[in-house]
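Fit chain B to the given chain A structure using the hints.
Residue numbers (our numbering), protein chains in the order written: chain A, 1 to 587; chain B, 1 to 192.
Because the hints were derived from the structure by calculation, they are not lab data. Keep in mind that this is a model prediction, so the values were computed, not measured. Keep in mind that the hints are not guaranteed to be accurate.
Said to hold, decoys possible - Cross-link-like lysine-lysine pairs, in silico, DSS-like; alpha carbons within 30 Å at most:
| # | chain 1 | residue 1 | chain 2 | residue 2 |
| --- | --- | --- | --- | --- |
| 1 | B | K184 | A | K352 |
| 2 | B | K184 | A | K197 |
| 3 | A | K352 | B | K112 |
| 4 | B | K175 | A | K352 |
| 5 | A | K208 | A | K175 |
| 6 | B | K77 | A | K352 |
| 7 | B | K134 | A | K494 |
| 8 | B | K184 | A | K503 |
| 9 | A | K494 | B | K136 |
| 10 | B | K136 | A | K487 |
| 11 | A | K278 | A | K583 |
| 12 | A | K58 | B | K132 |
| 13 | A | K503 | B | K134 |
| 14 | A | K144 | A | K466 |
| 15 | A | K282 | A | K583 |
| 16 | B | K175 | A | K167 |
| 17 | B | K187 | A | K110 |
Claimed, not checked - If you want a taste of the chain B side facing chain A, the calculated C-beta under 10 Å gives, among others:
| # | residue |
| --- | --- |
| 18 | P141 |
| 19 | L146 |
| 20 | L167 |
| 21 | V172 |
| 22 | Q192 |
For glycine and all other residues, C-beta sits at the position ideal for the given N, C-alpha and C.
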Amino acid sequence: MADTTYINIKATKQNNYDAIVVGSGISGGWAAKELTEKGLKVLMIERGPKHDHIKDYKTASLHPWETEYKGLTTQQQREDNPVVHRGWAATEPVMNAWVNEKDCPYTEIKPFTWWRSYRMGGRSVIWGRQSYRWSEMDFEANAKDGIAVDWPIRYNDIAPWYDHVEKFIGVSGTKQGLAQLPDGQFQPGMDLNVVEKDVAQKIKNHFKGQRHLFIGRIANLTSDLPGRGKCQYRNRCWEGCPYGGYFSTQSSTLPAALATGNLHIITGAIAKQILYDKDSKKATGVEILDTEDNMTYEFKSKIVFVCASALNSTWLLMNSATDIWPEGLGSSSGELGHNVMDHHYNLGASGKIEGFEEFYTYGRRPNGFYIPRFVNLNGDKRDYLRGFGYQGSASREGWQRDVAELGIGSDLKNALSTPGGWKIGSTGFGEILPHHDNRILLDKRLYDKDGLVTSDPAIGKQKTDKWGLPVLSMDAELRENELKMRKDIVKEMKEMLEVAGAKDVSVWDSGHNMGHGIHEMGTARMGRDSKTSVLNGWNQVWDAPNVFVTDGACMTSSACQNPSLTYMALTARAANYAVSELKKQNL
Amino acid sequence: MDRRTIIKQISIMTGAAFIGGEIFIQSGCKSDTSKLQPVSFFSKEQVSLLDEIGETILPQTDTPGAKSTQIGSFIDKIVKDCYSSEQQNILLSGIEEIKSGFENKYSISFFKGEASQREEFLNEVNTNMIQKNKNKKKDDPVHYFLMLKQLTILGYFTSETGASQALNYIAVPGKYDGSYPYKKGDKAWATQ
Numbered sequence: 001m002a003d004t005t006y007i008n009i010k011a012t013k014q015n016n017y018d019a020i021v022v023g024s025g026i027s028g029g030w031a032a033k034e035l036t037e038k039g040l041k042v043l044m045i046e047r048g049p050k051h052d053h054i055k056d057y058k059t060a061s062l063h064p065w066e067t068e069y070k071g072l073t074t075q076q077q078r079e080d081n082p083v084v085h086r087g088w089a090a091t092e093p094v095m096n097a098w099v100n101e102k103d104c105p106y107t108e109i110k111p112f113t114w115w116r117s118y119r120m121g122g123r124s125v126i127w128g129r130q131s132y133r134w135s136e137m138d139f140e141a142n143a144k145d146g147i148a149v150d151w152p153i154r155y156n157d158i159a160p161w162y163d164h165v166e167k168f169i170g171v172s173g174t175k176q177g178l179a180q181l182p183d184g185q186f187q188p189g190m191d192l193n194v195v196e197k198d199v200a201q202k203i204k205n206h207f208k209g210q211r212h213l214f215i216g217r218i219a220n221l222t223s224d225l226p227g228r229g230k231c232q233y234r235n236r237c238w239e240g241c242p243y244g245g246y247f248s249t250q251s252s253t254l255p256a257a258l259a260t261g262n263l264h265i266i267t268g269a270i271a272k273q274i275l276y277d278k279d280s281k282k283a284t285g286v287e288i289l290d291t292e293d294n295m296t297y298e299f300k301s302k303i304v305f306v307c308a309s310a311l312n313s314t315w316l317l318m319n320s321a322t323d324i325w326p327e328g329l330g331s332s333s334g335e336l337g338h339n340v341m342d343h344h345y346n347l348g349a350s351g352k353i354e355g356f357e358e359f360y361t362y363g364r365r366p367n368g369f370y371i372p373r374f375v376n377l378n379g380d381k382r383d384y385l386r387g388f389g390y391q392g393s394a395s396r397e398g399w400q401r402d403v404a405e406l407g408i409g410s411d412l413k414n415a416l417s418t419p420g421g422w423k424i425g426s427t428g429f430g431e432i433l434p435h436h437d438n439r440i441l442l443d444k445r446l447y448d449k450d451g452l453v454t455s456d457p458a459i460g461k462q463k464t465d466k467w468g469l470p471v472l473s474m475d476a477e478l479r480e481n482e483l484k485m486r487k488d489i490v491k492e493m494k495e496m497l498e499v500a501g502a503k504d505v506s507v508w509d510s511g512h513n514m515g516h517g518i519h520e521m522g523t524a525r526m527g528r529d530s531k532t533s534v535l536n537g538w539n540q541v542w543d544a545p546n547v548f549v550t551d552g553a554c555m556t557s558s559a560c561q562n563p564s565l566t567y568m569a570l571t572a573r574a575a576n577y578a579v580s581e582l583k584k585q586n587l
Numbered sequence: 001m002d003r004r005t006i007i008k009q010i011s012i013m014t015g016a017a018f019i020g021g022e023i024f025i026q027s028g029c030k031s032d033t034s035k036l037q038p039v040s041f042f043s044k045e046q047v048s049l050l051d052e053i054g055e056t057i058l059p060q061t062d063t064p065g066a067k068s069t070q071i072g073s074f075i076d077k078i079v080k081d082c083y084s085s086e087q088q089n090i091l092l093s094g095i096e097e098i099k100s101g102f103e104n105k106y107s108i109s110f111f112k113g114e115a116s117q118r119e120e121f122l123n124e125v126n127t128n129m130i131q132k133n134k135n136k137k138k139d140d141p142v143h144y145f146l147m148l149k150q151l152t153i154l155g156y157f158t159s160e161t162g163a164s165q166a167l168n169y170i171a172v173p174g175k176y177d178g179s180y181p182y183k184k185g186d187k188a189w190a191t192q
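Bound-form chain A, shown alone:
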């Protein structure tokens, strides 16, 4: 991409834009694309470094023997990045993707696992790519159940934007005709393997067509798109795809935005606060902090799109217009920072499948099967609200299988040089209800030199990040509804595997810290009333209508589907609305 795209903060002459987009991830990329394509001059602000498409995917084409630690991480990395090492995502090739935890701390009143990727493209480069629509029942759920507040939109409001997004990013999948998981604009779906097909049929038969197992809907291409090649079944998406085979900012929205000639980007710049003018009751731009020298600069714009990831978008609001609202821009409702959600997982079941020894798989499918929600639907009624879906796969075991019980020598070598038997495993993703007391806040406590909280200002000071900025504190947990649901998630999966003929079925529930699902949502929810929500039905901050928050922060409930596709659709919808309002001079 042209060097002039990236502007040097100190040298830039231009500090006036039509729009500023904070963040370059899934939502920020979409905001930039839509706004620039509609003719707006846009500045995108990214706090991390550049990460160029293909060129910077340094490990993506290495052979296994060319990697230093064969996928393992070092003790030093564990020490430096303890949060990432709580889960499965700390592996050698992606360690550079994760935030520097020392520079960017947060505190946990209750355990909260926060996965952050601070570089160009954000988590769009390393996301799981599962792409599911929400349904009418998801948008109606809060109102029907009397939970939190009603969504200000319904499925019909977002459906055309799902169409728009799916066609552009390329989602492969199969149509199923299910009310709880609407079909979309799909490229041909990937294949289930021979065992998964058999399991799908057995589940369908046993549950009389009320439960469904089909191939995951995923933002990996099965047909080429302009400038992007289809998936090559390497299953290394997280390292960045040299073929552009999956959707990321870099592969998809960024090239489109750049093609307009209307996009400037600053990297290494933290959006420190949204500049707010109390007379016009509107934002006037964004103050940024240069991460290299701590200098601050102001950029002006007519509108601001806040797409910094759910919790960081709220952090930015909390740090803005504090002279008017001490708790920040958007806090007048008392809901800013509240109602944080996630999808709870870390539980499921697995088992062995006998037979099928004359079959194997060719290619490494970066996708698995999906079992959509079936509880609290179509007359089914549980002792908790809402539901869950499952993701999993079947495969023959490889040389990584458990060797504790095997011998040594040529027998071991020969055994591991051939595939083992088939296994199938599946993990649940459950809805978390919005709860006012599940919240994030700026940590204003004082810490002494040993890191202990103190009330004595003589020996304590507030915790800050590397740049002296305040940090978030997390205070959220699973509650009764989720805990009841978890028992059911494990029980139902076990039953389905047994129905499918799996042997030695074992279940696991490793517990779930909030955030661990990497689907953090809420904290600046949309709603119908400025007294109970932070954003209106077009993602505008009630207290500053030219500020749009369109990432996970805006979510009013969490459903159980992977949420990124919905962020994209909401972002595209809000961006097009913003442009039309600008044209009408309403902003």
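Just chain B now, kept in the frame of chain A:
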């Protein structure tokens, strides 16, 4: 790699998930000592011993064995950089135990022993390990021989020799076939 794959691997490694899979953060002085770490963790002789142990675990058959992939140096690197000091100590005393145990039994050094003696001896060690693992409580330390087995397997099957000769490696499959025909004895894929 994605969530589903990782979940698969975790389930596979249950009970033995020590290779880089364990969170073991020691309090205190880590960052200071890391600067003093030697270039290699094991002595030259120990690395040679690891080569021989590795070759006994995964010997030459119709494809080259672990020694041909410099398995000793691989284990050295992983243990130096990826293992906790507790794990390092377990392994260090473990290979000394192999060395002295072998000498006591056969009155000859492991280096000079016959391949059949080495295999017999390490088979006993392996059997003992399996027995101990049966009574293992959750927080008991991992047995050194499980570490050696896993390190040898990881190093060998991710080496160019292991991946492309003992196994079948295709960098860019280009397609997916979920009912690909398989005949008994066909090699497994090197990567998942």
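Violated hints, by number in ascending order, as checked against the structure: 3, 6, 12, 14, 17 and 18
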